[in-house]
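Chain S is fixed; fit chains A, B and Y onto it per the hints.
There are 4 protein chains.
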Amino acid sequence: PEDTLVSVGDVTIGAQPIVIAAGPCSVESNEQLGAIAKAVKATGARVLRGGAFKPRTSPYSFQGLKTEGLVYLKEVAQEHGLPVVSEITDLSYLETFAEHVDIIQVGARSMQNFELLKELGRTDKPVLLKRGFANTLSELLMSAEYVMSGGNGRVILCERGIRTFETATRNTLDVSAVPVLKRMTHLPVFVDPSHAGGAAWLVDPLALAAVAAGADGLLIEVHNDPAGALSDGQQSLTPGRFADLFAKLKAVAAAVGRSV
Amino acid sequence: PEDTLVSVGDVTIGAQPIVIAAGPCSVESNEQLGAIAKAVKATGARVLRGGAFKPRTSPYSFQGLKTEGLVYLKEVAQEHGLPVVSEITDLSYLETFAEHVDIIQVGARSMQNFELLKELGRTDKPVLLKRGFANTLSELLMSAEYVMSGGNGRVILCERGIRTFETATRNTLDVSAVPVLKRMTHLPVFVDPSHAGGAAWLVDPLALAAVAAGADGLLIEVHNDPAGALSDGQQSLTPGRFADLFAKLKAVAAAVGRSV
Amino acid sequence: PEDTLVSVGDVTIGAQPIVIAAGPCSVESNEQLGAIAKAVKATGARVLRGGAFKPRTSPYSFQGLKTEGLVYLKEVAQEHGLPVVSEITDLSYLETFAEHVDIIQVGARSMQNFELLKELGRTDKPVLLKRGFANTLSELLMSAEYVMSGGNGRVILCERGIRTFETATRNTLDVSAVPVLKRMTHLPVFVDPSHAGGAAWLVDPLALAAVAAGADGLLIEVHNDPAGALSDGQQSLTPGRFADLFAKLKAVAAAVGRSV
Amino acid sequence: PEDTLVSVGDVTIGAQPIVIAAGPCSVESNEQLGAIAKAVKATGARVLRGGAFKPRTSPYSFQGLKTEGLVYLKEVAQEHGLPVVSEITDLSYLETFAEHVDIIQVGARSMQNFELLKELGRTDKPVLLKRGFANTLSELLMSAEYVMSGGNGRVILCERGIRTFETATRNTLDVSAVPVLKRMTHLPVFVDPSHAGGAAWLVDPLALAAVAAGADGLLIEVHNDPAGALSDGQQSLTPGRFADLFAKLKAVAAAVGRSV
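Taken in sequence, the protein lines are chains S, A, B and Y.
Residues in the first sequence are numbered consecutively from 895, following the working numbering.
Residues in the second sequence are numbered consecutively from 895, following the working numbering.
Residues in the third sequence are numbered consecutively from 895, following the working numbering.
Residues in the fourth sequence are numbered consecutively from 895, following the working numbering.
Treat the hints as calculated values from the structure; they're not laboratory data.
Keep in mind that this is a model prediction, so the values were computed, not measured.
Glycine included, every Cβ here is placed at the ideal spot set by N, Cα and C.
Please note that a few of the clues may not be correct.
[Said to hold, decoys possible] Partial selection, computed: residues in chain Y whose CB lies under 7 Å from chain B:
1) 983
2) 985
3) 1033
4) 1040
5) 1043
6) 1138
7) 1140
Extracted from the complex, chain S is given alone in its bound form:
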């Protein structure tokens, strides 16, 4: 069967061009988000990413700006003409997400939140479905099936690293997931090198590897002040480093017959 193409605004995911989604881990303010959006768009990112409802291991960590963050995302996205992707953490927020966000992200910890998946299947919003950090690829496809069996076929899969015994990286990027998923399904496959490696210096090699292995898109964390970020600063690129990476991505994409 033919590959599934997911279109949002003027961006098409799953086609020849590789789509780069970039932005901060957490939305912190309208200004912060605007500055980052401007920079990553100028570089070539086609989608803006940013977290407003943050799933955090500890209840005492920053939990996100919540609806306020979604409002900023919508404002900034419209100003810069970028569709926006953000993570939903509970079904009860679905209406708000439907209003503010172009692509709804299901995070690794929610990959088997089946009630949420079923409801997303009843919407017409594209869903970026991240692999749980201990879920097999076949379970990931079953979760995609929860969305699609509800009538919403606009699912984008995303590899973001799995749990292994290795501690040198935060998680182990399973780069094989890209060719395996492309062979098992017709859905577009993204990779999130920022969360997989957990360190800014690892983003470049992992992003390049993902593109070489056939990824249809990347999620890259970019922050104007990584040292001062409210979450995940250690794995965020500055806009300058993001531009450097973008140039390398262009070269590797071309080497495998694609563009960014």
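Chains A, B and Y alone, transformed into the frame defined by chain S:
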């Protein structure tokens, strides 16, 4: 500090006696549940377990009787004087669970559903919090903290097997979790040998090992007709085999200074 | 088929009585070993364990007393009437081991050293074969087959913890390995709670769990001065704590129809 | 410090050009090896790989041609002017390997065979040290240290996939190992996509990902008749498919500033 005791009806969890919760994976009918409840109570189980909202990897598997199942659980529990534990899969069901169920179970796939945990923290219902199959013990405690920081200290932790490379068992029971959690926290610790091993013949040795290692309670799947069960039949004990196991548990519990 | 019994001196492994092998991680001197042997024998250990050729992750760690250590093991073992088990790290030491040691241990890192296994299959020495920390149970049995296909059926299997994502314990004791191996094979199954947990306070619960799950024997590290031990002091019991554990093992063994 | 360069014949490993080692899993005959060597050299491989002593999980699988295989390797290598790499499985074969082989490979199962590593440290042969499938990168470096502390600094590290819960691929290629090892050490880093994925259709994307991530070389299994291979046929490329891959590698290597 002193150990936390969680009392439900006339059952106290976390004290010297080990509490055995038994019952079917899924509630299938009032009759099925009644027959199993009668049998396990006669043997010595102090809590009835049964699933009504079933989180299933595939959308095409049996999804549970839902609210109808909770109604049966409440009826049967009252008839037999057993408190009941059942798994919640979404925040939106909280009111129904609060009405029908004595202990609310958070399943492995929801251990990091932080929105759910926060709301459970605002109730006064005991929460049986299962470890995610790829979550560390320290993450389990952080999730317990989400509940407790909301004001609900009645949390019971539960080890149910983790994902490893080994395929001879469904998951790998991490029996060390029992002493580690008992050392790191004052909360009661349960073990679910049925889900960990995934096979009826493994339930006895794993249950005995858990008690020997210091578990405060066990969750055991018991079904009157395992071969005909709508879910997890292969790991369910018949009432007769459950009675055999109970006798062995009594002996091992006594050997470590406890009773069942 | 009937269970395999492995007899060494007046000790029979695989029969009703559970066999406890105890002793230091490393043989450090004749005096140290003699003191420990005397103490553990008085408590009830039936086999003396001690390492002379030490496989160490770093080349700069203590590598063992080598042949000198084997000589001490033999002297002390004879003095106290205890058979001795020690780990071989290379085929070229086989003759020396055959002369000094009653049971030859193949360590986790050598479980798939097939050349070594083949040669051990040509001897008549009992072989204690430890599971590699990332080997499946079916691979462990294949490695046993390497020994047995050479003609030596006196193989004792040993679970010693596997590598997982959990970091609260050094390795994760796979207690299910005991019933699974007992079902798949007729060979005796030992458990090493000292290496699995990596901490003295974990030895008791893990040892008790292993016995409750059906283990035929245990390897316990005992040291007269854990704080001064040349290796693995943090997981060694003093002779006094070993005696305390022994009393508990007696009770749990009796509860499952066995003795120690 | 400067990067370590390992030179063998006219091949330099660790410099700008990426070195491709190709050949059959097992040497099966002089003719088979000659045909493959001719083909892979014509395509651009700089090193010939081939196994003569085969470590096999089961004692009943093909164990390799042993010394006869090494003889063929040497003859064919000389005829085609290619240095040869082959795996040693026991210390006792060291002299034979030193005579027939240019680069001695230590396989994943032997990564912590410390006696072997120490002896290799006393030779002047380059050592290709494969990461054990459950060893951390820091343990891999400790094993390299065993070789280097003996005086032999000519060590090449090799990532070949690790054990995880995922079963869609034979092992999980840890592509992050490349940048992590390049950052932690000055040694050249190879990747073996054939063993990692365990399937011919996965070799291309994994090989390209490895090069994009910064690998200094690749080990690729090539067989003239994969369906008839005595071992690992399912993951071997035909010479034709190897040539196709080589063209793609050239493009990706150029994109990251290197050549093959």
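Each hint tested on the structure:
For the restraint placing residue 983 of chain Y at the interface with chain B, the shortest Cβ-Cβ distance is roughly 6 Å, inside the 7 Å limit, so the hint holds. Hint status for residue 985 of chain Y: holds, given a least beta-carbon distance of 6 Å to chain B, under 7 Å. The criterion of a C-beta within 7 Å of any C-beta in chain B is met by residue 1033 of chain Y, whose closest approach is roughly 6 Å, and the hint holds. For the restraint placing residue 1040 of chain Y at the interface with chain B, the shortest Cβ-Cβ distance is roughly 5 Å, inside the 7 Å limit, so the hint holds.
A distance limit of 7 Å between C-beta atoms decides the matter here; for residue 1043 of chain Y the minimum to chain B is near 5 Å, and the interface restraint holds. At about 34 Å, the closest approach between the beta carbon of residue 1138 of chain Y and any beta carbon in chain B exceeds 7 Å, and the interface hint on this residue is violated. Taking 7 Å as the C-beta contact cut-off toward chain B, the hint placing residue 1140 of chain Y at the interface is violated, the least distance being around 33 Å.
Of the numbered hints stated above, those contradicted by the structure are hints 6, 7, listed in ascending order.
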